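> Listed here are the chains, written in short residue letters.
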Amino acid sequence: MNKSIPAISVNSVVKHYASNPPIVALNNVTIEIQDNEFFTLLGPSGCGKTTLLRLIAGFEQPTEGAILLYGDHLEGLDPNDRPVNTVFQSYSLFPHMTIAENIGFGLKMKGQSSDQIALVVRDMLALVKMETFGNRMPNQLSGGQQQRIALVRALAPKPKVLLLDEPLSALDLKLRQAMRLELKRLQKETGITFVFVTHDQEEAMCMSDRVAVMSQGELQQLDSPQMIYERPRNRFVANFIGDVNLIDTKVSSENQNSYVCSHNNIEFSVNKTSQHQVGDQVTLAIRPEKFSLVSSAEGLLKGTVVDSTYMGTDTYLTVKIDDSTELEVRCQNIDLDQQLPTIGETVGLSVPNGAATLLED
Amino acid sequence: MASNIGRSSSNTNKGRIPWLKWWACIFFVYLYGPIAVLIAFSFNDNRIAQVWTEFSTKWYVKAFSNEAIQNAIINSLIVAAVATVCATLFATMAALILSKGMFKGQTLCLGIISLPLLVPEIATAVATLSFFAAINFPLGLTSIIVAHIVFCIPFAFMPIRARLAGMDETLQEAGRDLYANDIKVLWHIVLPQLKPGIFAGGILAFIISIDDFIISLMVAGAGATTLPLYIYGMIRLGVSPEINAVSTVLFLVSLTLVATYWFISKKNEGSNYVH
Ligand SMILES: Nc1ncnc2c1ncn2[C@@H]1O[C@H](COP(=O)(O)OP(=O)(O)OP(=O)(O)O)[C@@H](O)[C@H]1O
Ligand SMILES: [Mg+2]
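As given, the protein sequences belong to chains R and Y, one line each in that order. Convert by adding 1 to the 1-based position in the first sequence; the result is the number in the numbering used here. Convert by adding 1 to the 1-based position in the second sequence; the result is the number in the numbering used here.
Just so you know, the hints here were simulated from the structure itself, not pulled from any lab data. These figures come from a predicted structure and were not determined experimentally. Note that CB positions come from ideal geometry on N, CA and C, so glycine has one too. Heads up, a few of these hints could be off.
As the list claims (entries may be wrong) - Straight-line C-alpha distance at most 27 Å; calculated DSS-like pairs for lysine-lysine:
1. Lys185(Y) with Lys111(R)
2. Lys196(Y) with Lys109(R)
3. Lys196(Y) with Lys111(R)
4. Lys159(R) with Lys130(R)
5. Lys111(R) with Lys101(Y)
6. Lys109(R) with Lys130(R)
As the list claims (entries may be wrong) - Taking beta-carbon pairs under 8 Å as the criterion, some of the chain R residues facing chain Y (in silico):
7. Asn81
8. Phe89
9. Ser93
10. Lys111
11. Pro158
Okay, chain R solo, but in the shape it has when bound (with noise of 0.2 Å):
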């Protein structure tokens, strides 16, 4: 394999779905994997995520564009002979056969001997701390266990590529949140490009080198974790992902690389991350953990308080700084002394450089 080339390039996939009127599950969708990457796709239900997985997998053609793995084009090769291996949400235990034969199946089917099929059998139980599971059958095992098994049952054969589909969905909280680890251990131990697939962006920022964003079959952004959440953009994902203030501002004046933005005199310096006119109309979008609070004097905006909680790690406070437009504030409790504003009161709220990020849409 050249490492170089991307372990999995889906170029302009369109997936219709017969009925009608056709179903778009997928439209135009442009993506590189690279080799040995966490690769997350993140969006909500119905976006299409599980299509592309299944096109991928080769249980579904595209109904335009390729699909090429390791600059392999894949078209025409049905599922089993594809070097890719799925992990199922419901797991899909062969429930007649014991554990080691689940792990081993594939690379019975492979044609290996039994003897080398019972040494990858036992590193991949060991890989999951089960060595003692081999002789039970998967309803004798309980759902994190079954899990862990679907796990090492694909990645047995030594796939190119693993696809995970919403693999922790069925978790409760405790063992998804640990599971999580696994998973991100266990590829880094492979080396093994995996593709994970979740509707859940805390699992996604946690695990994934990068993340692509869908909505409604389309490619929203795809950057690192942190460029996700700091650089969003466009709405959708700057609302998708965390908690965001959209502030409606007008391009005002513009420099080499930076535009200023302003909202009822209050003038934003922002990134240009994508070209707009000055006289625009833009939407900047500003963490709620972005804020300090300062006094009414300083500050970039002021405003009044008008709503408060308290949250445990954070409070949350909502300041209006006018008619139109209420912020969502965060401000971490880290002393029990500390004087937070109460309803009604007039605050300062500075912004550092940088925080506003100006959305495309």
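We have chain R; now place chain Y with the ligands onto it with these hints.
Relative to chain R, chain Y with the ligands alone:
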């Protein structure tokens, strides 16, 4: 009555319809009384079947040393065994093909396979006989076997299809994903999952075949006598304790098979899912 239901919800089963259990008792006596009498008199020492004298198993000894009865039993077993194997095989293939959902007229096919369950048996019997006559098929054991295969298929088909319908389809996708081609998926995943259904279908076919009378009567040639046909022949000469003994055995065999079938189907329901 209606206002009672709300208040007495804790003991709804008790005394809702107090006479229901008496009805049930009468019904069971009506249903199983004759069989109980038959079994009892098969152990009666007296030659005259309806007069009780004392307990004896001599009619069993006599019946099973009767060469004609032995022949009839062997014939019945051959017919049932061959018919069961062939019908189950056909039924399995039909169920697999229909489950793929690949062609038009599927509902029609399903209907055609299940239709014999509803057609009066006498009609099937007459039709089969006319068919054999038309193609000059010699009547004998072979003709019985052929006829039995045909009417056993829908019985074998039903449990297999039910099992197939309840099967998790992603298991097959998982198999394909793990490098199994269609045939390997069928062999390593579908058939093992289907096994209880195939067993149940086979047992059902066997029971139906071994108990069959009307169709066998029509298509049996000289010398090809199955057990039900033999019993019918004997009974025309009067009820003898020997018949009681043979019928009792036939009843017990059927009962055992039905119990096995029931047991397998029960177990099926539980083993279908993994958490
Ligand atoms: N086999 C199918 N036939 C017709 N339409 C389908 C089929 N599978 C999916 N769709 C439609 O395609 C769209 C995308 O579905 P998909 O399963 O890819 O969503 P998803 O992002 O995986 O959602 P979820 O998070 O709920 O699993 C949906 O509108 C869905 O209704
Ligand atoms: Mg999905």
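> Hint by hint, say whether it matches the structure.
Hint by hint, here is what the structure shows:
1. Lys185(Y) with Lys111(R): Given pair Lys185(Y), Lys111(R) holds - Cα atoms ~11 Å apart, limit 27 Å.
2. Lys196(Y) with Lys109(R): Holds, at about 22 Å.
3. Lys196(Y) with Lys111(R): Distance of about 25 Å is within 27 Å: holds.
4. Lys159(R) with Lys130(R): holds, 19 Å
5. Lys111(R) with Lys101(Y): Distance ~25 Å between Lys111(R) and Lys101(Y) Cα, so the pair holds.
6. Lys109(R) with Lys130(R): It holds: about 23 Å lies between the C-alpha atoms, which stays within 27 Å.
7. Asn81: Holds, because the Cβ-Cβ distance from Asn81(R) to chain Y comes to roughly 5 Å (cut-off 8 Å).
8. Phe89: holds, 5 Å
9. Ser93: holds, 4 Å
10. Lys111: holds, 5 Å
11. Pro158: holds, 7 Å
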